[in-house]
Amino acid sequence: MTGSDLIGIMILAAGLFAIGVFGVLARRGMLFQLVALEVALSGPALGFIAAGAYHADPEGQGMFILVLTLAATEVAVGLALFLRLRRLTGTDDSDAISGLKG
Amino acid sequence: MAHLLPFVPVPALLGFVILSLVPVPLSRAAVIALGVGAAVLPAILFFPVGLSCIEGVCVAGAVVPILSIDTGVFVAQIAMSMDPLSMVTGGTVVLVGALVLIYSGAYMASEPLPDLRRFFAVMNLFLAGMLAVVFAADVILLFLGWETIGLCSFMLIAFYDKLPKAVASGRKALITTRVADSFLLAGLMMLFLNAGTTRLDGMLAAVPGIDPWRLAPIAFLIALGALGKSAQFPFHTWLPSAMAGPTPVSALLHSATMVAAGVILLARLAPLFAAAPEISAMVAMLGILTAALGALVALIQTDVKKLLAFSTMSQIGFMVLALGLGAPAVALSHFAIHAVFKSLLFLSAGVMSHAAGGSTAIESLRGSRYRQPLAFWSFAVGAASLAGLPVITAGWYSKEAVLAAVWSSGPWGVPLWLLAATAAVLTGAYAFRVVFVAASQTADLAAPAWGGLAVVVPLTVLTLVAVIGGLSVGALIQFTGGATVHTPLLPTLLGAAAPILGVLLARQLVKHPQELEALAKRMRHVRIFRFEVLYYYYFVRRFRRVATVLGNAEGTEAVADAVALRREGVDVPGLVTDDPLGRGASQVRGIRTDLITRATDGQTPVVRMVAGDPVGRLLIVVARLFVGFFVARFNPDRIDRAWMGLAGGAGHAWALVRRTQTGRVRDHSLWIALGCAGLLLFAWGTSWR
Numbered sequence: 001m002t003g004s005d006l007i008g009i010m011i012l013a014a015g016l017f018a019i020g021v022f023g024v025l026a027r028r029g030m031l032f033q034l035v036a037l038e039v040a041l042s043g044p045a046l047g048f049i050a051a052g053a054y055h056a057d058p059e060g061q062g063m064f065i066l067v068l069t070l071a072a073t074e075v076a077v078g079l080a081l082f083l084r085l086r087r088l089t090g091t092d093d094s095d096a097i098s099g100l101k102g
Numbered sequence: 001m002a003h004l005l006p007f008v009p010v011p012a013l014l015g016f017v018i019l020s021l022v023p024v025p026l027s028r029a030a031v032i033a034l035g036v037g038a039a040v041l042p043a044i045l046f047f048p049v050g051l052s053c054i055e056g057v058c059v060a061g062a063v064v065p066i067l068s069i070d071t072g073v074f075v076a077q078i079a080m081s082m083d084p085l086s087m088v089t090g091g092t093v094v095l096v097g098a099l100v101l102i103y104s105g106a107y108m109a110s111e112p113l114p115d116l117r118r119f120f121a122v123m124n125l126f127l128a129g130m131l132a133v134v135f136a137a138d139v140i141l142l143f144l145g146w147e148t149i150g151l152c153s154f155m156l157i158a159f160y161d162k163l164p165k166a167v168a169s170g171r172k173a174l175i176t177t178r179v180a181d182s183f184l185l186a187g188l189m190m191l192f193l194n195a196g197t198t199r200l201d202g203m204l205a206a207v208p209g210i211d212p213w214r215l216a217p218i219a220f221l222i223a224l225g226a227l228g229k230s231a232q233f234p235f236h237t238w239l240p241s242a243m244a245g246p247t248p249v250s251a252l253l254h255s256a257t258m259v260a261a262g263v264i265l266l267a268r269l270a271p272l273f274a275a276a277p278e279i280s281a282m283v284a285m286l287g288i289l290t291a292a293l294g295a296l297v298a299l300i301q302t303d304v305k306k307l308l309a310f311s312t313m314s315q316i317g318f319m320v321l322a323l324g325l326g327a328p329a330v331a332l333s334h335f336a337i338h339a340v341f342k343s344l345l346f347l348s349a350g351v352m353s354h355a356a357g358g359s360t361a362i363e364s365l366r367g368s369r370y371r372q373p374l375a376f377w378s379f380a381v382g383a384a385s386l387a388g389l390p391v392i393t394a395g396w397y398s399k400e401a402v403l404a405a406v407w408s409s410g411p412w413g414v415p416l417w418l419l420a421a422t423a424a425v426l427t428g429a430y431a432f433r434v435v436f437v438a439a440s441q442t443a444d445l446a447a448p449a450w451g452g453l454a455v456v457v458p459l460t461v462l463t464l465v466a467v468i469g470g471l472s473v474g475a476l477i478q479f480t481g482g483a484t485v486h487t488p489l490l491p492t493l494l495g496a497a498a499p500i501l502g503v504l505l506a507r508q509l510v511k512h513p514q515e516l517e518a519l520a521k522r523m524r525h526v527r528i529f530r531f532e533v534l535y536y537y538y539f540v541r542r543f544r545r546v547a548t549v550l551g552n553a554e555g556t557e558a559v560a561d562a563v564a565l566r567r568e569g570v571d572v573p574g575l576v577t578d579d580p581l582g583r584g585a586s587q588v589r590g591i592r593t594d595l596i597t598r599a600t601d602g603q604t605p606v607v608r609m610v611a612g613d614p615v616g617r618l619l620i621v622v623a624r625l626f627v628g629f630f631v632a633r634f635n636p637d638r639i640d641r642a643w644m645g646l647a648g649g650a651g652h653a654w655a656l657v658r659r660t661q662t663g664r665v666r667d668h669s670l671w672i673a674l675g676c677a678g679l680l681l682f683a684w685g686t687s688w689r
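Same order as they appear, the protein sequences are chains A and B.
So for the first sequence, this note's numbering puts the first residue at 1; every next one is plus one.
So for the second sequence, this note's numbering puts the first residue at 1; every next one is plus one.
Hints were generated in silico from the structure; no laboratory data involved.
Incorrect hints may have been included.
Here are the simulated lysine-lysine pairs, DSS-like style, with alpha carbons at most 27 Å apart [what the hints assert, rightly or not]:
{"hint": "1", "chain 1": "B", "residue 1": "521", "chain 2": "B", "residue 2": "306"}
{"hint": "2", "chain 1": "B", "residue 1": "162", "chain 2": "B", "residue 2": "172"}
{"hint": "3", "chain 1": "B", "residue 1": "306", "chain 2": "B", "residue 2": "165"}
{"hint": "4", "chain 1": "B", "residue 1": "162", "chain 2": "A", "residue 2": "101"}
{"hint": "5", "chain 1": "A", "residue 1": "101", "chain 2": "B", "residue 2": "511"}
{"hint": "6", "chain 1": "B", "residue 1": "162", "chain 2": "B", "residue 2": "306"}
{"hint": "7", "chain 1": "B", "residue 1": "306", "chain 2": "B", "residue 2": "511"}
{"hint": "8", "chain 1": "B", "residue 1": "165", "chain 2": "A", "residue 2": "101"}
Computed footprint of chain B on chain A, listed as stretches where at least three residues anywhere in the stretch have a Cβ under 8 Å from a Cβ of chain B [as the list claims (entries may be wrong)]:
{"hint": "9", "stretch": "3 to 12"}
{"hint": "10", "stretch": "72 to 85"}
Nothing here was measured: the structure is a model prediction, and the numbers come from that model.
Think of the CB as a built atom: it goes at the ideal place given N, C-alpha and C, for glycine as much as any other residue.
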């Protein structure tokens, strides 16, 4: 893997992360926000893989497994929150819970 | 015995895991035994470790490594330190933690079983997290423990989850400390970027090599994080409402240990702050401000737990002051003594209010001396230690050490000392106000039986330590590496007189409660710490009075007419009567009824006085010219209007900022993302080589 490949993949990873963050900010449906969070997480994961491959270092893949674990826990918490939201408000609109409104 | 140290928090963590995660129904006795046992075991495990200190194992920099993570670029080492600092704080935490958990075994016994299990699980997790904070020798373990105790604080404040107020208080505490924690995380990360290691000793060793302009923001961010956790001004708002939790929680988390975590962190990073003197000065200023205001506000509280909460704020302010002045050893000794007497106060107040039918109002404690003699006397001992009654209490020795450190801290020492001594007088007053009320006689002396060994043992042990612990203060300070400061006789004597004066003041206040009420009425703007009101009250009003006297506006026709118009409901801006408290109007009216004013209508009073005296007249004309050209410009119309606009602008700014809090998940995500991006940019900019 050459340096220009690495830069290309890093730009791709940054783009994935940006798409994910945009999804979280733009969607109101909580399920879609969770999906967007997963997309956002895949960006850094790709970055780790690419950096590991570039430096010929297996720790990049190790970090990828860590990111997978993180994503799994995040989905567990997110789905629990989603269930609470459905039970409390009867909708999946995340704007419906605004208890922190000033 | 050093290898035992990493196992000290383990029983508490195991207690949490068993109580919260193991899906086996446990009986009430088993839950209490597990919860209390998991908190007592760390104390037993710590005992040999602490004893080994006598053999001289605990020197500055002694570290017990746990594991290292080799990431290729650098090695992240997880380790626990065995230096004097962690021994003193760790000893305090295990002692107070064990005693409070023993007490809560009795206090919480009547809760429903699931709630009881949740309570002990979270208390054990808290104890494990707190021990991780005090023993941590690297920032990873430190931050892990730091976040754990913040989470436990939230769950325990909101323990009575059927009460909306408790949940709201927990949320307030969580969000306030979260904001501070993000500052701390940013500061620690920038310190890591500059030092290249996660070990605290390595970071501190790298401090002299960091540019001052990089060091100052790091110290600033870390100080903000520590002050947020310690409920210091301007993050102080969460602590009083945190009293919505059960009393043992207030005794352990919100007085003795968790809120002092900021003090521990600042003491551990003392060399970093010594290298950033401007940040240290800021920390000291915020500390003395919180100490003085907290004591003032505690004086007018009507709820004993709220009073103790403000007192905690104030006492931690003393510690933060000592830290800001570069005396971490003194701050730590005050931390240890404060943890003992403040948990004693909370525990005995819990017993007294239980006997008073569960009410925590100070008035309802009346007669506690006859209902619950043990609790009353231990409360009195705790209050004496809090006030710092000379010679006989432990609180005196540690507070005297703080005052001595303040006195000998350079050119600002004496004014700061005066402020601190005033706060000490107020401390004596508010502490003994409760004692005097509780000691008074009342008709209703029906005492519900509540006591037993689980109450007697913690109260007795803590009382003993609160009295004889004073003998250890000098040793503690020397052990943690500080030099005992010898102050001149005068400040020592004055410092000893301060608490006695406070007690006399308390006697007076209890005898004449209406004086306190009048004070409370006058202080309603202090209680809420509202800037614009404070600013108006102390600056604008005074300035206006001076401007009125100088401008000689009081007796003039225009003012009198304006007052008359105002009384009819016509709006006339720009006069003395703009005072929203309505004091100016009555003064002006008084002058209007003057007989001479009617006789020589249209003349100002001063001109009237010198009628027929050419020399005096000349002087007056010059003075009038001076007033016309110079002083009149400072009349209520221009400058203080601008200042008032500034003060009022704070309110408008608040209204504007409030609107950005939409409560929507999306908008909050946006702010979090922007904040992260900003912090990353800042870190990149300051660590760029």
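These are the hints, each one checked on the structure:
1. B:521 / B:306: holds (18 Å)
2. B:162 / B:172: holds (17 Å)
3. B:306 / B:165: At roughly 15 Å apart (the allowed maximum being 27 Å), residue 165 (chain B) and residue 306 (chain B) satisfy the hint.
4. B:162 / A:101: holds (21 Å)
5. A:101 / B:511: This hinted pair is violated, its Cα atoms lying about 45 Å apart.
6. B:162 / B:306: holds (21 Å)
7. B:306 / B:511: holds (22 Å)
8. B:165 / A:101: holds (16 Å)
9. 3 to 12: violated (count 0)
10. 72 to 85: Coverage by chain B is violated here, the residue count being 0 at a Cβ distance below 8 Å.
When the structure is compared with the earlier hints, violations turn up for hints 5, 9 and 10 and for no others.
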